[in-house]
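What follows is each chain in one-letter form.
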Amino acid sequence: MSRFADLRELFAKANEVKSGDQLAGIAARSEQERVAAKYALADTQLTEILAKPLLEDEVTRLIYDSFDETAFVPIRSMTVGALREHILSDLISGDNLKSLQPGLMPEMAAAVAKIMSNKDLVLAAAKIRNITRCRNTLGQPGVLAIRTQPNHPADDVGGILLAAFEGLLYGCGDAVIGVNPATDSIESVSAILHALQRLVTTYEIPTQTCCLAHITTQLAAMERGAPVDLLFPSVAGTEDANRSFGINLSLLREGQERVREHHRRRTDVHWIGDNAMYFETGQGSALSAEAHHGIDQLTLEARAYGIARTISPMLVNSVVGFIGPEYLFDERQIIRAGLEDHFMGKLLGLPMGCDVCYTNHAEADQNSADNLLVLLSAAGCNYFMGVPCSDDVMLNYQSTSYHDALAMRRIFHLRPAPEFLEWLESRGMYRDSEPTMLEGPMRRELMSKAEELLSC
Amino acid sequence: MDRDLPARIVEKIRERTPARLLAGHSGGAYRTSTQLELRAAHAAARDAVRTAFDLEQHLGRDLIERFGIFEVPTQAASKDEFLLRPDLGRRFSAISEEKILSTCVPEPDLQIVIGDGLSTTAVAVQVPALLPLLMQGAIVRQWSVGKPFAVRFCRVGILNDVGDLLRPRVAVLLIGERPGLATAESLSAYMAYRPRAGQTDADRNLISNIHSRGIQSDEAATRILSLAAKMMQAKAGGVKIREELPAGVSGQIGG
Chain A
2 MSRFADLREL FAKANEVKSG DQLAGIAARS EQERVAAKYA LADTQLTEIL
52 AKPLLEDEVT RLIYDSFDET AFVPIRSMTV GALREHILSD LISGDNLKSL
102 QPGLMPEMAA AVAKIMSNKD LVLAAAKIRN ITRCRNTLGQ PGVLAIRTQP
152 NHPADDVGGI LLAAFEGLLY GCGDAVIGVN PATDSIESVS AILHALQRLV
202 TTYEIPTQTC CLAHITTQLA AMERGAPVDL LFPSVAGTED ANRSFGINLS
252 LLREGQERVR EHHRRRTDVH WIGDNAMYFE TGQGSALSAE AHHGIDQLTL
302 EARAYGIART ISPMLVNSVV GFIGPEYLFD ERQIIRAGLE DHFMGKLLGL
352 PMGCDVCYTN HAEADQNSAD NLLVLLSAAG CNYFMGVPCS DDVMLNYQST
402 SYHDALAMRR IFHLRPAPEF LEWLESRGMY RDSEPTMLEG PMRRELMSKA
452 EELLSC
Chain B
-14 MDRDLPARIV EKIRERTPAR LLAGHSGGAY RTSTQLELRA AHAAARDAVR
36 TAFDLEQHLG RDLIERFGIF EVPTQAASKD EFLLRPDLGR RFSAISEEKI
86 LSTCVPEPDL QIVIGDGLST TAVAVQVPAL LPLLMQGAIV RQWSVGKPFA
136 VRFCRVGILN DVGDLLRPRV AVLLIGERPG LATAESLSAY MAYRPRAGQT
186 DADRNLISNI HSRGIQSDEA ATRILSLAAK MMQAKAGGVK IREELPAGVS
236 GQIGG
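Chains A and B, in that order, give the protein sequences. Using the working numbering, read the first sequence as starting at 2 and increasing by one per residue. Using the working numbering, read the second sequence as starting at -14 and increasing by one per residue.
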């Protein structure tokens, strides 16, 4: 490690190329320097990473408080390079990796990701299934869930429900029916939450709903009687970045307790588990808040997962291409980051999905999204987004579509979440795990019923 | 278009949301018309982002001569650098500073600046209609108006440099928004009261979504001018000033 001043520099320089690390002025200055850092990182003992925190803040304290020394014992003597081979080895099963999870610091997951190829990231992640439960069960082998994202530029409730409804015909909405509101007000968020719940109750759909407003707005709406299935915050890997989001660790813990209590009071709902939170993250968010402390964006992303796993979320996804080209410049960087995030999250025990996406000022297009979608499906990603024709008309970026869900489930022989699939079949919308209502008169009849939704 | 549904229902749904519903499908894929439609919208967005701003081509000789518009770059030297280094798009180069100082009259009541931002198309489509309305309106209100100029590779933060150089009471930056698939022609007006180094978005006011299916140019001009008057009267901008906005107005730009 001689040519690198400290772990922070070594971690940054060992990264694959990311425009965000370059913008922060911490990236390797040549390809040979990058590889030298990878060599040095591979030879670094995990105990050295444990002994030398990259930063002192409340996130670091949480990481150390939640670190399990006993679980760490099997890998205690390993270097980062040895851990890579251990994770990839045929002798190490998904269960073996799961028992390691509490003994793996986020920084160790980040370090090992830095010396893995894209295919390594797929292969290793594919071993690990992290299963969660709220109103249904997600994450099992053979299951690919979809979050429908029926956003509307003016939060029109009828428009939102129509988009969500069409998603159901495509078998989408089992991960969550989740709306990003255009206006972060208690009134508008309450209206959306009530409307989504009405949809789920009317059709008896075994799934979760969520309105992705600021966590304090959601809690205020909940206090006023709005039904919250999943409570959403964005999280980042430093205390300062989280402060810029208007959150801190105690607010997250308090939020989880309050939403669980709220679930207990809603006795009309059949809860099958107590995973009640939904987190979104993304490389570059700390830098964009000028709160990165000289640490690279991959490592900070892993630290965000370190927070998330102490709160037992139902869903976690990186919104990988949303942040823009100054952090992830092109398709190559977006794909790399998507694979890294999914792998690190799975390794750390999280129910990882991914918003495979891009903005129009990044060097990417829908083919880029197709590529990452296929790679992450091969990696066993828990869920993707379902946006009508991938065009989010509120947030103005492109994600993945209901059609993409059909395609991935076909190619990889995957099914919706079991309770949701049973519901789809009971309503005649699916038969033998395939959608039936996408053609002809049955669909016409069903969409005509959607007219009722317009009266909302 | 959806072949299975009565036109009446399709029309009702279309009225309710701009989301791309009822597109039909072929297996796990789009119909060919949808596939090409999405590519066409993305192509318009990409061209809006990537097209190099050219004063004469995008604003037209008449407009340039009428208001004496000139063009200066920021410290970004290329489109890629502009996209990768937002900080450079917030600062004028030394040569640009000299040109602005030698061409403009300092301390006007109102200074209008045009920036390419993330959509050259938005500037080309909206500014030729909007700028004359703003200039006339300012004169009617008996404000002194600085000579408008255009900034290539421009980010919103350039307002601070404009303030430090020319010390206007109110500065308006007309800048191309990050294009979506729905339109690549959307313009934003960012406004600052006595802009200067250190100001952030919290000190600025924004009227976004200026395009043919959003806020029309005459309405935009009226709103910009009344907001400027309000800022001058209150001697403040940003979160301290609230425009009475119709609901549902939103827009984004990489600041």
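Hints are computed from structural coordinates only; laboratory data are not their basis. Some hints could be false.
[As the list claims (entries may be wrong)] Computed list of chain B residues with no C-beta within reach of chain A, every gap over 10 Å:
id	residue
1	Ile(-2)
2	Ala4
3	Tyr15
4	His27
5	Phe52
6	Gln60
7	Gln184
8	Arg227
[Said to hold, decoys possible] To spell it out: a stretch of chain B is covered by chain A in this simulated footprint if at least three of its residues, at any positions, have a beta carbon under 8 Å from a beta carbon of chain A; those stretches are:
id	segment
9	135 to 141
10	157 to 167
By construction, the Cβ of each residue, glycine as well, lies at the ideal position given by its N, Cα and C atoms.
Evaluation of the provided hints:
| no. | hint | verdict |
| --- | --- | --- |
| 1 | Ile(-2) | violated, 6 Å |
| 2 | Ala4 | violated, 4 Å |
| 3 | Tyr15 | violated, 6 Å |
| 4 | His27 | violated, 6 Å |
| 5 | Phe52 | holds, 29 Å |
| 6 | Gln60 | holds, 15 Å |
| 7 | Gln184 | holds, 16 Å |
| 8 | Arg227 | holds, 14 Å |
| 9 | 135 to 141 | violated (count 0) |
| 10 | 157 to 167 | holds (count 5) |
In terms of the numbered hints stated before, the structure departs from hints 1, 2, 3, 4 and 9, listed from lowest to highest.
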